[in-house]
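A.B. asks: Starting from the known structure of chain A, fit chain B onto it as the hints suggest.
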Amino acid sequence: MSWLSALRGAGPRKDTAVRGSAARSGVAEEGPEIHRSLALPAVFSTLARGHRLNVLDLGPAIGGNVERLSEFSCKLYIEDLYASRSQEGAARSLGPDFFAQFLAPPEGTQFDLVLAWDLFNYLDRKELALLAERLRRFCRPGALLFALSSIHKTIPAQPIRFRFHDRDEDQLVYERLTLVERPGPRFVPAEFNDLLRGFQVDRSFLLRHGIQEYLFLREG
Amino acid sequence: MAVWKRDDPPGHHPAEPAPAAPRPTPASTSTPTAPEPPRRSGDRATIGPSIFIKGDLTGDEDLVIEGRVEGKVDLKQNNVTVGRNGKVKADVFGRVVSIEGEVDGNVFAQEQAVLRQSGAIRGNITAPRVVLEDGSRFKGTIDMEPKERHLAGAPAPVPSRIAAPATEPGTAAEVPAGLIRSAQAG
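These protein sequence lines are chains A and B, in that order. Following our numbering, the numbering of the first sequence begins with -4 at its first residue and continues without gaps. Following our numbering, the numbering of the second sequence begins with 10 at its first residue and continues without gaps.
Warning: the hint list may mix true and false statements.
Unchecked claim - The calculated DSS-like cross-link candidates involving lysine-lysine, where the alpha carbons are at most 30 Å apart (straight line), are:
no.: 1; chain 1: B; residue 1: 85; chain 2: B; residue 2: 148
no.: 2; chain 1: A; residue 1: 121; chain 2: A; residue 2: 148
no.: 3; chain 1: B; residue 1: 98; chain 2: B; residue 2: 81
no.: 4; chain 1: B; residue 1: 148; chain 2: B; residue 2: 63
no.: 5; chain 1: B; residue 1: 63; chain 2: B; residue 2: 85
no.: 6; chain 1: A; residue 1: 121; chain 2: B; residue 2: 148
no.: 7; chain 1: B; residue 1: 98; chain 2: A; residue 2: 70
no.: 8; chain 1: B; residue 1: 96; chain 2: A; residue 2: 70
no.: 9; chain 1: B; residue 1: 63; chain 2: B; residue 2: 96
no.: 10; chain 1: B; residue 1: 81; chain 2: B; residue 2: 63
no.: 11; chain 1: B; residue 1: 148; chain 2: B; residue 2: 81
no.: 12; chain 1: B; residue 1: 96; chain 2: B; residue 2: 85
no.: 13; chain 1: B; residue 1: 81; chain 2: B; residue 2: 96
no.: 14; chain 1: A; residue 1: 70; chain 2: B; residue 2: 85
no.: 15; chain 1: B; residue 1: 148; chain 2: B; residue 2: 96
no.: 16; chain 1: B; residue 1: 81; chain 2: A; residue 2: 70
no.: 17; chain 1: B; residue 1: 148; chain 2: B; residue 2: 98
no.: 18; chain 1: B; residue 1: 148; chain 2: A; residue 2: 70
It should be emphasised that the hints constitute simulated quantities derived from the structure, not laboratory data.
Okay, chain A solo, but in the shape it has when bound (with noise of 0.2 Å):
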């Protein structure tokens, strides 16, 4: 069974399948699973689009899309925020002073894509204001910002493991790093709208799987 369709609150509950060792420590046994983007190419299509481009990527360094970026000799600027805010304890909501710090590329970068992942699931709607005022600063008009939401009551305690894929330009990989579980935000595109000022959703795609992706464009 997929674990992203045994997360609960899109329809029939249904347990997550945890096994074994892996119920005790938490630990994720699912392999990655494959699923279908519809924003992807979009995303692929800017890169191909200019020479140079800035690029952050808000999650983690992953070999595979590095390697797939440098096709495009971008420079890629990696900023994982998840793991900077649990440095700075996750218990307590973040003030400007943690997102200055955290996003303060060299004076005049402007970045022309954002890779935020889902990096939004797991901020209050306060720090998603916060970022937002940041990245508005540091994206220029028509930069192109692409986001993944859960639209699950529950979603893992920490962020999925984005891939590219190897081949395909409209799949992307999921990697699950846990079993256990934290509520979901549950935010829609009107909220986003108004939480990330300056950019606008440019289209957005609900997958069958509960996840919905955002193409926000940064206003000029």
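C.D. replies: For chain B alone, kept in the frame of chain A given last:
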């Protein structure tokens, strides 16, 4: 205690006698004890785990760092490996730079930079090709400019395939932003 130790296997004897002192002598070093003159091996030199060097390293042979280095490592024409025990607080220049330990500084590789599973970099990587193994830790910027493309002046690649939005029922659906709430409720 030798700063540099040979990587030659036991019993290996180079055909020619090793030169007395190779160039990679640090400009200034600070080590627990006065080092012997660095010895050159046929393939590469190694800075052992108990060695701490403060200053600039230059030279013309491959280098493995298992100790601590602060300053600058400048071996642009050679391979530099920061071993599992290595801790480098410096900018590292090399042809192929491979990191298995920790680097707090920028990495400049002429050909390739490799961050192994056990490795960690806090700084920027500039290389035509960058390999990050899963499990490695990286915080910084990766500047990837393919050398051949740069030299040839070729345009940026076009993705092999740009998929159109799926319309097949049951697979996924493009939902206008304003309709998501009602779609969820349904």
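A.B. asks: Does each hint hold? Answer for all of them.
C.D. replies: Status of the hints after comparison with the structure:
| no. | hint | verdict |
| --- | --- | --- |
| 1 | B:85 - B:148 | 23 Å, holds |
| 2 | A:121 - A:148 | 20 Å, holds |
| 3 | B:98 - B:81 | 8 Å, holds |
| 4 | B:148 - B:63 | 24 Å, holds |
| 5 | B:63 - B:85 | 19 Å, holds |
| 6 | A:121 - B:148 | 25 Å, holds |
| 7 | B:98 - A:70 | 23 Å, holds |
| 8 | B:96 - A:70 | 26 Å, holds |
| 9 | B:63 - B:96 | 12 Å, holds |
| 10 | B:81 - B:63 | 9 Å, holds |
| 11 | B:148 - B:81 | 20 Å, holds |
| 12 | B:96 - B:85 | 19 Å, holds |
| 13 | B:81 - B:96 | 13 Å, holds |
| 14 | A:70 - B:85 | 22 Å, holds |
| 15 | B:148 - B:96 | 16 Å, holds |
| 16 | B:81 - A:70 | 24 Å, holds |
| 17 | B:148 - B:98 | 15 Å, holds |
| 18 | B:148 - A:70 | 14 Å, holds |
Checked against the numbered hints listed earlier, the structure breaks none of them; every hint is satisfied.
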